[in-house]
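Visitor: Given the structure of chain A, go ahead and fit chains B and C onto it with the hints provided.
Below, each chain spelled out in residue letters.
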Amino acid sequence: MDFLRPASWEEALAAKAEHPTAVPIAGGTDVMVEINFDHRRPEYLLDLNRIELLREWEVGEENVRLGASVPYTQIMENLRAELPGLALASHTVASPQIRNRGGVGGNLGTASPAGDAHPALLAAGAEVEVESVRGSRFIPIDEFYTGVKRNALQPDELIKTVHVKKADGPQQYSKVGTRNAMVIAVCAFGLALHPETRTVRTGIGSAAPTPIRAKEAESFLNAALEEGGFWDNGKIITPSIAKQFADLCSGAANPIDDVRGTAKYRRHAVGIMARRQLGWTWEQYRGTGRPLEGAA
Amino acid sequence: MTMRVNFTVNGRPQEADDVWEGESLLYVLRERLGLPGSKNACEQGECGSCTVRLDGVPVCSCLVAAGQAEGREVVTVEGLADYAKQRAEHGGCASGACGTSIDSAKKWEAKPQDSQTGEGVELSPIQQAFIDAGAVQCGFCTPGLLVAADEMLERNPSPTDADIREALSGNLCRCTGYEKILDAVRLAAARQERQGEAV
Amino acid sequence: MAQNTRTVPVGTPTDVTQNHVKGGIGESTLRPDGTLKVTGEFAYSSDMWHEDMLWGQILRSTVAHAEIVSIDTSEALTMDGVYAVLTHEDLPAAKNYGMEFQDTPVLAYGKVRHHGEPVALVAADHPETARRAAAKIKVEYRELPVVTDEASALAPDAILVHENRDDHHSGHVPHPNIVHRQPIIRGDAAEAAKRADVIVTGEYTFGMQDQAFLGPESGLAVPAEDGGVDLYVATQWLHSDLKQIAPCLGLPEEKVRMTMAGVGGAFGGREDISMQILASVLALRTGKPVKMVYNRYESFFGHVHRHPAKLWYEHGATKDGKLTHVKCRIVLDGGAYASSTASVVGNASSLSIGPYVVEDVEIEAIGLYTNNPPCGAMRGFGAVQACFAYEAQMDKLAAKLGMDPVELRQLNAMEQGTIMPTGQVVDSPAPVAELLRRVKARPLPPERQWETAGEGADVRALPGGLSNTSHGEGVVRGVGYAVGIKNVGFSEGFDDYSTAKIRIEVINGEAVATVHTAAAEVGQGGVTIHAQIARTELGVQQVTIHPADTQVGSAGSTSAGRQTYMTGGAIKNSCELVREKVLEIGRRKFGSYHPAWANAELLLEGGKVVTDGGEALATIADVLEDQAVEVEEEWRHRPTQAFDLVTGQGDGHVQYAFAAHRAVVEVDTELGLVKVIELACAQDVGKAVNPLSVVGQIQGGTTQGLGVAVMEEIIVDPKTAKVRNPSFTDYLIPTILDTPTIPVDYLELADPNAPYGVRGIGEAPTLSSTPAVLAAIRAATGLELNKTPVRPEALTGTL
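Chains as they are written, first to last, in the working numbering: chain A, 801 to 1096; chain B, 6 to 204; chain C, 42 to 840.
In isolation and in its complexed conformation, chain A is listed as follows:
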């Protein structure tokens, strides 16, 4: 094993180009577990801790440019208004110690369906900026997850920045685990209302081989909200619409049975979370009639 310590982003890209098998390590919260438990012996470890730009974020007009290594603690403390869904998701990540180290880049790099950030990114809308010595490109979040623990990165590419759409309406996030803290998701769900485009977006975690959106559910709800004039009249969404939305979210899931839960439960729980979050976000939307900050 060799430990590569690039001092700059350029050096990191060069190192990754030279050693495409190098495993990037930032917060270490995934990689070190695999090393400690002998599950992985990479030829090279590529330490990204010295690269300042990965720990920076910037709030722009439309997007938040979030460095891949910005720790979850920073996201939940500093980006609640701009990225309420991701801030809520960040708060559910493991423990304070892990939130102090881990960042969204790690979730994306590992691309485990159980990564807490994914549903929030899917619901908010995001693009992943990846770079190699060959240049950089933006991968829409919907195209980023390609399989179980697989993503769209090329071997020489590193994740630089996640461009997350700033919230234009309420967002929510929940995750189910069998413990009240510090738990890997049995399944998770994120919902974002986008009043500017009069759309809703969803994200489902741990209930399919990859993080997914419940697109049919979104289409149904978009149409139902439009038809009922809900965006304008701010009325309470009828229970039948909420139920159908929840059922479609459930149906979008394609989970498995494992030690953490049954497929049947995961599908059930996704539906419950979807229904509840629709209630919470819609109440927030009605409360102001206009875009507002995400709930705590």
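Don't read these hints as lab results, they were simulated from the structure. Errors might be hidden in some of the hints.
[Said to hold, decoys possible] Simulated pairs of lysine-lysine, BS3-like, Cα-Cα distance not exceeding 27 Å:
#	chain 1	residue 1	chain 2	residue 2
1	A	K1064	C	K613
2	A	K1064	C	K284
3	C	K360	C	K235
4	A	K949	A	K965
5	A	K1015	A	K965
6	A	K1064	C	K828
7	A	K949	A	K1064
8	C	K284	C	K296
9	C	K613	C	K630
[Claimed, not checked] Cβ-Cβ distance ranges computed for the label pairs, FRET-style:
#	chain 1	residue 1	chain 2	residue 2	range
10	C	G515	B	A167	18 to 26 Å
11	B	P18	A	E843	28 to 36 Å
12	A	K1064	C	G497	17 to 25 Å
Just so you know, these numbers come straight off a predicted model, no measurement behind them. Every residue gets a Cβ at the ideal spot worked out from N, C-alpha and C, and that includes glycine.
Guide: For chains B and C alone, coordinates are given in the frame of chain A:
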């Protein structure tokens, strides 16, 4: 292949040699620097018993690759009393500003016979409170809890019970049922408050 | 390396002295090791370090049941930094060990019988080198069918887990895959059933629980010049280890010198051997100190677990709620090796009906050999599984009778004088009804605590916690009660004793007592009360606790709630003998100066010899001068009897302990998530020797019971007998956000047979906690819930 890593532990520059690249900061502290106070209960970031402060921030040292600590400042339970003392003397602590001076820092060593209770040793308020409240049983979770609790009290001197529970939710304890740990943190907060008023 | 060369390993425990602590029996004195533990200086077994030491690594079986066709170590042996690669062929002497049966191979030979069984060993200069070398060992297995439950164990063509048993139970068991069977027949249950107006039956399943102590199995073995070994380990019982280790090393016991290194929790999981023999074999083979530390994954394979169980119960009662009879059958899965399964069977059987008066019973408990992970001691030891079932039955019965569940329990509660199903008379206080009254009388915690002033919900107070799953939707409260009975100490005729060596001498003009026992301090605070007893009995302030080792006689195990009773009793007894000797010296020196030396009842108090009237006759320092008095003496509790193998009759237990719980839970009934809001306990502790420690023990035991109620289970694949969740990521134990406030109300009704009236306290709270939480969840959901842990699937119909 092995490497050399230089960093500061409890205010004292340290150098570890022949470090295997996959070694964690926890392993280096425990097995190379003679600082076994940080504990090795799970080595997967689930138990918090290895919690140290890395540039002021509580982290699981089992999940920090040793090489990532290069050039950085680490505070372990062994340096906690000095760290808290300096913070008290300087009226608060910015990250990295606290820590044991090089001169006063001492490496961990087994103490000679008959002085083993450490009676009269100067402790941080949280350390004393853990003893007084009965928050220590087997004590394996204690170092990590102390580092985490001390950092929380630094940020939030008057925590609610819910705040304490949230801040310590990454530290497993199997002996106490946590009640006396809560008592200890409340006690340390109350004592700090009284001390603050006295000053 | 940072350490200097040393003659003794770094981390070797030394004397611990309390100079300035006052407080004897009944006072909440602080731990003598507290400062060491909060400064990080307390050395646990995994902190041991020696110049030039090697690291030991075990290669474990990847399959549960197989013949070993071949083991090829050649490639591993060629690696740089590797000092030894061993298989069973390299073992120096006996190849098997075991606490009750010597059925456990040091390293597997012929067969492996469970997933994760040690097959080969490596010693290398770095743990990573050792791991890499272990990975290079090639083992060829020919897999065998797995025995995983009663049906597969007792099927006509069942494979025998152990072919040629010759242990002390092999003669009477109905099948070689049954480790032990203990029936209890008293009265005539079939006849009594005719008097029952109401009968309830139930089938219950208790999952496999892990002790999950935080300090991993670890230690250091140092080869000695005399050909022996110095072994520093964390264990619950040094002398039991010694008896098992020495034959496997081919050494006389005196050449295996064991010292207790710091113990990071135990809860039963360190009663059996883990790395002791393996590290010693490597040290003797390489001539170098060898350190072994299991990681958490390995720890799940490195110790026995709590027996999973299937339990069938039938309870009958008259319409006014009096129990007529109980029939039950308990099947405990002992896994591949016996460990303490036979004793667990005895406990499960003899405590199977709970703290109730029932004259007509028909009980059967068996323990199986299977290819599942070996099971043995864990806090509550056989009584936990039964309590979960009989308390569920009591609630079922109450519901059918239309009675209040607490009243039903109180109506049938045992008391002093009650006859157990084994025929044993309960001859000390048994305040079962009173304990229930106390938990019930407590005001209930306020409702809807998640509601915050003005803002939304505080999710931390809701089921799901930080995961933000509910803001109050679907949340229903439930309240449940349970009470349990646990034996204290080793039962069934076991010669249970402890040994204490007490020394008193004068240092710098002050009388100082030294307490030396082999008792394991596992966190419970034994060392604290040892000093308290010495202060009370010898009237000294300064007490030194000498490290536990095998240079003094056995203290027995730190388990079964027995150490305060047993080693406390031994220390008290030895102190009394020391006191007599001190007084004898005083009489010889000063007897002629004051008649009280001859006439009065004399005590040692405040460093002086005083009369019972309070008159000081001399200082201990003046009496002893440069003389030291030392006594090492064994001390026993009253004898017990074996249970009859057919009727189960016999005075099998030393003492009984009782605890009751009330659980208040809030359940998100849609998502099946549970938050326990409060878990109140009332327990009779006989005498609270150290009230702070007593409460800590009760709260800790309660929390382990909570864990098994809602989250803890080692999941074994029934097809392969392989463990599916050996990590703290997937074996969940309660965090501080899962653990409620645990108010404790303890009674002190002295047991006249026990020193100071003490009653073992550590285990009883683990019993009733689980069924109380289950009862509360049932109350909230209306579901039957016959299995621990209660998973969200069970609450949402999504299994």
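Visitor: Does each hint fit the structure? Answer for all of them.
Guide: Verification of the hints:
Of the supplied pair hints, the one linking K1064 (chain A) and K613 (chain C) is violated, its CA atoms being roughly 60 Å apart against a limit of 27 Å. This hinted pair does not check out: K1064 (chain A) and K284 (chain C) have alpha carbons roughly 51 Å apart, beyond 27 Å. The straight-line distance between the Cα atoms of K360 (chain C) and K235 (chain C) is roughly 13 Å, inside the 27 Å bound, and the hint therefore holds. At most 27 Å may separate the alpha-carbon atoms for a hinted pair to count; K949 (chain A) and K965 (chain A) meet this at roughly 24 Å.
Restraint check for K1015 (chain A) and K965 (chain A): the C-alpha separation of about 18 Å stays at or below 27 Å, so the hint holds. For the hint pairing K1064 (chain A) with K828 (chain C), the CA-to-CA distance comes to about 19 Å; that is within 27 Å, so the pair holds. Distance check on the hinted pair: K949 (chain A) and K1064 (chain A) sit about 22 Å apart at the alpha-carbon level, within 27 Å; holds. For the hint linking K284 (chain C) to K296 (chain C), the alpha-carbon distance of about 12 Å falls within 27 Å, and the restraint holds.
Pair hint K613 (chain C) plus K630 (chain C) holds up; C-alpha atoms about 25 Å apart against a cutoff of 27 Å. Here the CB-CB span from G515 (chain C) to A167 (chain B) is close to 21 Å, well matched to the stated 18 to 26 Å. At about 31 Å, the CB distance of P18 (chain B) to E843 (chain A) agrees with the hint of 28 to 36 Å. Against the hinted window of 17 to 25 Å, the Cβ-Cβ separation of K1064 (chain A) and G497 (chain C) comes to about 31 Å, which falls outside the hint.
Of the numbered hints given earlier, the model fails hints 1, 2 and 12; all others are met.
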